[in-house]
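Asker: Residue-level listing of the chains:
Number of protein chains: 2
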Amino acid sequence: MTQLKAYKQPVTRKAVKVKKLFIAGVGAVGDTLLKQVSRYNGGQNLRVLGVCNTRHVHWYDHSQKEYLLNDLLRGPSIDWEDIISKLASYEEKSVIFVDTTGSQEVASLYLKLLKNKIHVVTPSKLANTQSQEIFDLLHYTAAENGVDFLYETNVGAGLPIIYPIKNLIFTGDKILELSGVVSGTMTFLFSELEKGNSFSEAVIKARALGYAEPDPRDDLSGEDVARKFLILARICGLQIERNQLEVESLIPKELQEVDSATFLEKLHRFDSYWMDKLLQANQKGETLRYSGSLKNGKIKVGIESVPKASALGQLSGTNNLICIKSRRYYDQPLIIQGPGAGKEVTAAGVLADILTIP
Amino acid sequence: MTQLKAYKQPVTRKAVKVKKLFIAGVGAVGDTLLKQVSRYNGGQNLRVLGVCNTRHVHWYDHSQKEYLLNDLLRGPSIDWEDIISKLASYEEKSVIFVDTTGSQEVASLYLKLLKNKIHVVTPSKLANTQSQEIFDLLHYTAAENGVDFLYETNVGAGLPIIYPIKNLIFTGDKILELSGVVSGTMTFLFSELEKGNSFSEAVIKARALGYAEPDPRDDLSGEDVARKFLILARICGLQIERNQLEVESLIPKELQEVDSATFLEKLHRFDSYWMDKLLQANQKGETLRYSGSLKNGKIKVGIESVPKASALGQLSGTNNLICIKSRRYYDQPLIIQGPGAGKEVTAAGVLADILTIP
Chain X
173 MTQLKAYKQP VTRKAVKVKK LFIAGVGAVG DTLLKQVSRY NGGQNLRVLG VCNTRHVHWY
233 DHSQKEYLLN DLLRGPSIDW EDIISKLASY EEKSVIFVDT TGSQEVASLY LKLLKNKIHV
293 VTPSKLANTQ SQEIFDLLHY TAAENGVDFL YETNVGAGLP IIYPIKNLIF TGDKILELSG
353 VVSGTMTFLF SELEKGNSFS EAVIKARALG YAEPDPRDDL SGEDVARKFL ILARICGLQI
413 ERNQLEVESL IPKELQEVDS ATFLEKLHRF DSYWMDKLLQ ANQKGETLRY SGSLKNGKIK
473 VGIESVPKAS ALGQLSGTNN LICIKSRRYY DQPLIIQGPG AGKEVTAAGV LADILTIP
Chain P
173 MTQLKAYKQP VTRKAVKVKK LFIAGVGAVG DTLLKQVSRY NGGQNLRVLG VCNTRHVHWY
233 DHSQKEYLLN DLLRGPSIDW EDIISKLASY EEKSVIFVDT TGSQEVASLY LKLLKNKIHV
293 VTPSKLANTQ SQEIFDLLHY TAAENGVDFL YETNVGAGLP IIYPIKNLIF TGDKILELSG
353 VVSGTMTFLF SELEKGNSFS EAVIKARALG YAEPDPRDDL SGEDVARKFL ILARICGLQI
413 ERNQLEVESL IPKELQEVDS ATFLEKLHRF DSYWMDKLLQ ANQKGETLRY SGSLKNGKIK
473 VGIESVPKAS ALGQLSGTNN LICIKSRRYY DQPLIIQGPG AGKEVTAAGV LADILTIP
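The listed protein sequences correspond, in order, to chains X and P. Take the position in the first sequence, starting the count at 1, then add 172; the result is the number in the working numbering. Take the position in the second sequence, starting the count at 1, then add 172; the result is the number in the working numbering.
Please keep in mind that the hints were generated in silico from the structure rather than gathered at the bench. Among the hints, erroneous ones may be present.
Which copy? The list can't say, so a pair holds if one copy fits it or any two copies do.
[Unchecked claim] Each computed SDA-like pair below joins lysine to any residue, with the alpha-carbon atoms no more than 25 Å apart: (1) Lys287 - Leu381; (2) Lys515 - Pro248; (3) Lys289 - Gly318; (4) Lys346 - Glu385; (5) Lys192 - Leu240; (6) Lys470 - Ala380; (7) Lys284 - Arg441; (8) Lys470 - Ile423; (9) Lys497 - Asn213; (10) Lys338 - Gly274.
Computed from a prediction, not measured in an experiment: that's the story for all the values here.
All chains should be modelled from the sequences, with the hints used to inform the complete structure.
Answerer: Right, here's the structure in full:
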């Protein structure tokens with residue numbers, strides 16, 4: 173038996189051109205992406221043209237190989253007209269606009285970017301969850317102009333979910349049902365509940381660990397999960413608007429309108445409600461999950477009681493699990509599981525989208 | 173609430189050129205692929221130049237949109253030199269050679285095809301499981317010539333396994349461990365055992381249903397699973413040869429050399445051995461699986477006793493399950509589950525590879 177040799181980098185197709193990136197947003201994901209691009213040593217030629225936050229833009233020198241954020245604050249003020257015309261001045265289809273901002277203003281630029289033959293890659297769900305008309309328009313515009321509009325990280329962060337679904341459809345399969353847990357925050361909350369912690373404790377802990385938003389109602393409303401299922405349904409070819417979804421909110425009515433501090437202070441009053449609900453589930457050998465489903469053209473999102481021994485019931489941490497049933501994968505569905513949040517995996521998912529573009 | 177509109181085909185990037193396919197092998201997968209290509213109505217332009225089996229070749233007319241096999245038997249005899257020079261006469265990088273044969277002779281043509289700037293897509297594991305040197309040579313040659321060598325269906329048929337692993341690596345992650353069940357045949361056998369059927373009954377049933385090879389020893393040897401892990405390890409950058417794997421064969425020593433009929437006739441003598449082994453596992457709340465793992469640079473393939481309540485223990489049908497642990501996905505690994513065999517899903521996986529090529 174010969175000695176095992178060291179690991180080495182696998183080979184990719186030789187790059188024929190330089191991919192030029194512009195990264196909008198330098199928060200957790202944007203900053204991590206910039207580091208991943210700086211460290212990238214695969215077969216493609218990536219170059220970052222510039223970065224911006226909501227106020228400033230910074231253009232890197234042509235020679236730069238490592239992209240830092242130091243100079244951003246000293247950069248000129250944001251002028252989107254100027255940025256887009258600068259990006260459009262490069263060779264057609266060679267520039268990729270990466271939006272990590274979560275800003276509605278930036279999402280509204282996609283159409284113009286695509287028309288200018290600039291690819292768009294984003295983890296932001298904003299553009300895809302407006303009207304069906306805008307969703308269609310963005311996709312048609314990308315197709316018409318021969319550029320890509322990619323958003324694998326809209327659901328499950330770095331997990332392969334959107335790409336496999338599109339692959340099934342493009343190869344002639346038909347998606348019949350989608351179901352599962354697509355919120356790491358929700359998995360965390362209900363795992364904590366299962367461990368014996370109260371609902372309010374779980375929410376406060378999720379917030380402290382950065383799993384939940386500063387105002388946890390943004391997670392508890394179910395809006396995040398609803399939007400993810402809306403996007404998946406549209407990818408499957410369903411024509412559907414946000415107001416057609418059945419969404420269960422976990423925010424008590426009495427706490428819907430109060431300020432964030434009051435919400436956190438008073439949430440404990442509803443702990444016994446959740447404890448009772450969990451006990452009822454436990455008595456049947458079940459536990460609680462916040463899940464979603466697309467079935468017969470309808471999307472439902474809310475609390476579900478599932479067998480503890482099931483794959484959904486065994487989820488822990490910030491794991492997601494999505495179950496895809498199609499004509500080809502019906503009795504034995506395609507199941508993808510893994511952590512559905514985190515800056516490293518999200519940035520890597522964005523980078524994978526970037527590398528996919530020819 | 174407005175009415176839901178009908179499903180419609182999602183949009184793909186507009187094709188800039190015609191992808192020309194040559195399909196070697198017209199068995200279950202090749203034939204299904206031909207039908208899927210005939211029905212394909214996505215955004216790309218696919219054209220089948222020709223098909224062949226081990227004896228004959230048939231070239232389709234330029235105008236054909238539906239590809240039938242009727243004319244194959246009347247086609248000229250196979251002449252690989254002639255076929256390759258014909259394929260090489262088309263525009264560089266526009267031809268895709270699809271090998272669904274499982275023939276060593278055809279696998280040995282890949283290098284020449286790649287050198288002629290012809291892409292290669294295959295479900296066959298033959299080329300990738302020869303020496304590490306050949307594996308490297310094929311991948312370097314593809315990279316040097318700017319063409320693709322794709323084989324997503326080498327492991328898990330249509331399941332997304334190789335692509336996500338490559339994505340992790342290309343975006344700077346490092347794969348630390350791979351483990352799971354990558355043989356639908358083996359899942360079927362041990363599910364049958366769990367149901368109370370004897371080992372020999374399970375093998376005969378698997379053979380009758382087409383899950384096992386005509387000589388089931390080709391499955392029971394563990395060679396299929398070993399080869400899949402060998403390929404995955406090499407993709408992860410490990411330099412490793414087939415003889416460095418630790419592989420447990422399920423073929424009783426006494427039945428290794430006998431003919432196929434004798435093997436099937438005498439296999440029942442070992443039923444009590446398997447029943448005892450399963451009972452021992454059951455007493456610990458466990459069940460048996462034939463699994464593999466890549467850990468610390470070593471591959472082990474064989475029988476494993478796993479908790480019944482675990483994801484592996486709950487596998488049924490012909491399901492595969494692969495667990496990917498990387499730097500980014502460690503405490504919460506990336507898990508992919510689904511049927512890992514079948515002509516429809518395998519052909520669709522091959523077609524997805526074809527559609528990936530720019």
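Asker: Work down the list of hints and note, for each, if the structure agrees.
Answerer: Hints versus structure:
no. : hint            : in the structure
1   : Lys287 - Leu381 : neither (41 Å within a copy, 53 Å between copies)
2   : Lys515 - Pro248 : neither (27 Å within a copy, 58 Å between copies)
3   : Lys289 - Gly318 : both (7 Å within a copy, 24 Å between copies)
4   : Lys346 - Glu385 : neither (35 Å within a copy, 30 Å between copies)
5   : Lys192 - Leu240 : within (16 Å within a copy, 44 Å between copies)
6   : Lys470 - Ala380 : neither (35 Å within a copy, 40 Å between copies)
7   : Lys284 - Arg441 : neither (49 Å within a copy, 72 Å between copies)
8   : Lys470 - Ile423 : within (23 Å within a copy, 50 Å between copies)
9   : Lys497 - Asn213 : between (37 Å within a copy, 22 Å between copies)
10  : Lys338 - Gly274 : within (24 Å within a copy, 28 Å between copies)
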